[in-house]
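Participant: Please put together the full structure from these sequences, using the hints given.
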Amino acid sequence: MKKVEAIIRKSKFSAVKSALHNVGVNFFSYWDVTGLGNEKEGHVYRGVSYSTSDIQRRYLSIVVNDDFEEVTIKAILEAASTGEVGDGKIFVSDIKECYRIRTGEKGGQTLN
3 MKKVEAIIRK SKFSAVKSAL HNVGVNFFSY WDVTGLGNEK EGHVYRGVSY
53 STSDIQRRYL SIVVNDDFEE VTIKAILEAA STGEVGDGKI FVSDIKECYR
103 IRTGEKGGQT LN
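Letter 40 of the sequence shown, counting from 1, is numbered 42 in our numbering, and no numbers are missing.
Some clues are possibly wrong.
What the hints assert, rightly or not - Computed Cβ-Cβ distance ranges for the label pairs, DEER-style:
#1 Ser16 <-> Lys108: 29 to 37 Å
#2 Gly39 <-> Ser16: 15 to 23 Å
#3 Asp68 <-> Arg104: 34 to 42 Å
#4 Lys108 <-> Gly39: 32 to 40 Å
#5 Tyr32 <-> Val73: 25 to 33 Å
#6 Gly39 <-> Arg102: 15 to 23 Å
Stated by the list, open to error - In the DSSO-like style, the derived pairs of lysine-lysine whose C-alpha atoms are separated by at most 30 Å in a straight line are:
#7 Lys108 <-> Lys4
#8 Lys5 <-> Lys76
#9 Lys76 <-> Lys108
#10 Lys76 <-> Lys98
#11 Lys4 <-> Lys76
#12 Lys5 <-> Lys108
#13 Lys76 <-> Lys91
#14 Lys4 <-> Lys91
#15 Lys108 <-> Lys19
#16 Lys12 <-> Lys91
#17 Lys14 <-> Lys76
#18 Lys19 <-> Lys98
#19 Lys4 <-> Lys98
#20 Lys4 <-> Lys14
#21 Lys19 <-> Lys4
#22 Lys98 <-> Lys5
#23 Lys76 <-> Lys12
#24 Lys19 <-> Lys5
#25 Lys76 <-> Lys19
#26 Lys14 <-> Lys91
#27 Lys19 <-> Lys91
#28 Lys5 <-> Lys91
#29 Lys108 <-> Lys98
Treat the hints as calculated values from the structure; they're not laboratory data. Note that the structure is a prediction, hence the values are computed from the model and not measured. We put the CB at the ideal spot given by N, CA and C, even for glycine.
Facilitator: See below:
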């Protein structure tokens, strides 16, 4: 099993969610987060432009079986990309085990 974590633009969340559903990833968690990065967002207030390093993003946490890793990553890459600085990042890590709380069963079948 793999844990795919993605930090994406909030404006691309709907497209990423649809792309994930289209490839069969129907369960994931997400949070609104603020971070620092290379992109600088500018805000205009009363005609004066202000630059801030605090950037609003959406953080997705998705656990998939090994055979869904590549399709999950591809769906996120295609749906979240604008080609500009600040599109985000994807991190992949191994998951040792998974348990279904209701039944106590463990393993990859608990993700279905």
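Participant: Hint by hint, note whether the structure agrees.
Facilitator: Hints versus structure:
1. At roughly 33 Å, the beta carbons of Ser16 and Lys108 sit within the given window of 29 to 37 Å.
2. Distance hint check for Gly39 and Ser16: the Cβ-Cβ separation is about 22 Å, which falls inside the suggested range of 15 to 23 Å.
3. Hint check: Asp68 to Arg104, Cβ distance near 24 Å, so the stated range 34 to 42 Å is violated.
4. Our hint of 32 to 40 Å for Lys108 and Gly39 holds, since their Cβ atoms are close to 37 Å apart.
5. Distance hint check for Tyr32 and Val73: the Cβ-Cβ separation is about 19 Å, which falls outside the suggested range of 25 to 33 Å.
6. Distance hint check: the CB atoms of Gly39 and Arg102 are about 36 Å apart, inconsistent with the given range 15 to 23 Å.
7. As the CA atoms of Lys108 and Lys4 are separated by approximately 15 Å, the hinted pair is consistent with the 30 Å bound.
8. Distance check on the hinted pair: Lys5 and Lys76 sit about 14 Å apart at the alpha-carbon level, within 30 Å; holds.
9. Our distance criterion of 30 Å between C-alpha atoms is met by Lys76 and Lys108, whose separation comes to about 27 Å.
10. Annotation: proposed proximity of Lys76 to Lys98 holds, straight-line Cα distance about 23 Å (limit 30 Å).
11. Under the criterion of a C-alpha separation no larger than 30 Å, the hint pairing Lys4 with Lys76 is consistent with the structure, at around 14 Å.
12. With a C-alpha separation of about 16 Å, the suggested pairing of Lys5 with Lys108 holds against the 30 Å cut-off.
13. For the given pair, Lys76 sits about 13 Å from Lys91 by alpha-carbon distance, which is consistent with the 30 Å threshold.
14. For the suggested pair Lys4 and Lys91, the alpha carbons sit about 16 Å apart, so the restraint of at most 30 Å is met.
15. Restraint check for Lys108 and Lys19: the C-alpha separation of about 26 Å stays at or below 30 Å, so the hint holds.
16. Straight-line distance between C-alpha atoms of Lys12 and Lys91 comes to about 13 Å, which keeps the hinted pair within the 30 Å bound.
17. The suggested pairing of Lys14 with Lys76 holds, with an alpha-carbon distance near 15 Å, which does not exceed 30 Å.
18. Distance hint between Lys19 and Lys98 is fulfilled; the C-alpha atoms sit about 26 Å from each other, no more than 30 Å.
19. For a cut-off of 30 Å, the pair hint linking Lys4 to Lys98 stands: about 9 Å separates their Cα positions.
20. Straight-line distance between C-alpha atoms of Lys4 and Lys14 comes to about 23 Å, which keeps the hinted pair within the 30 Å bound.
21. About 18 Å separates the Cα atoms of Lys19 and Lys4, which keeps this hinted pair within 30 Å; it holds.
22. With a C-alpha separation of about 10 Å, the suggested pair Lys98 and Lys5 falls inside the 30 Å cut-off, and the hint holds.
23. Straight-line distance between C-alpha atoms of Lys76 and Lys12 comes to about 18 Å, which keeps the hinted pair within the 30 Å bound.
24. At roughly 16 Å between alpha-carbon atoms, Lys19 and Lys5 fall within 30 Å of each other, so this suggested pair holds.
25. Between Lys76 and Lys19, the direct Cα distance comes to roughly 13 Å. Compliance with the 30 Å bound is thereby established for this hinted pair.
26. Between Lys14 and Lys91, the direct Cα distance comes to roughly 13 Å. Compliance with the 30 Å bound is thereby established for this hinted pair.
27. Distance hint between Lys19 and Lys91 is fulfilled; the C-alpha atoms sit about 16 Å from each other, no more than 30 Å.
28. Distance hint between Lys5 and Lys91 is fulfilled; the C-alpha atoms sit about 14 Å from each other, no more than 30 Å.
29. For a cut-off of 30 Å, the pair hint linking Lys108 to Lys98 stands: about 11 Å separates their Cα positions.
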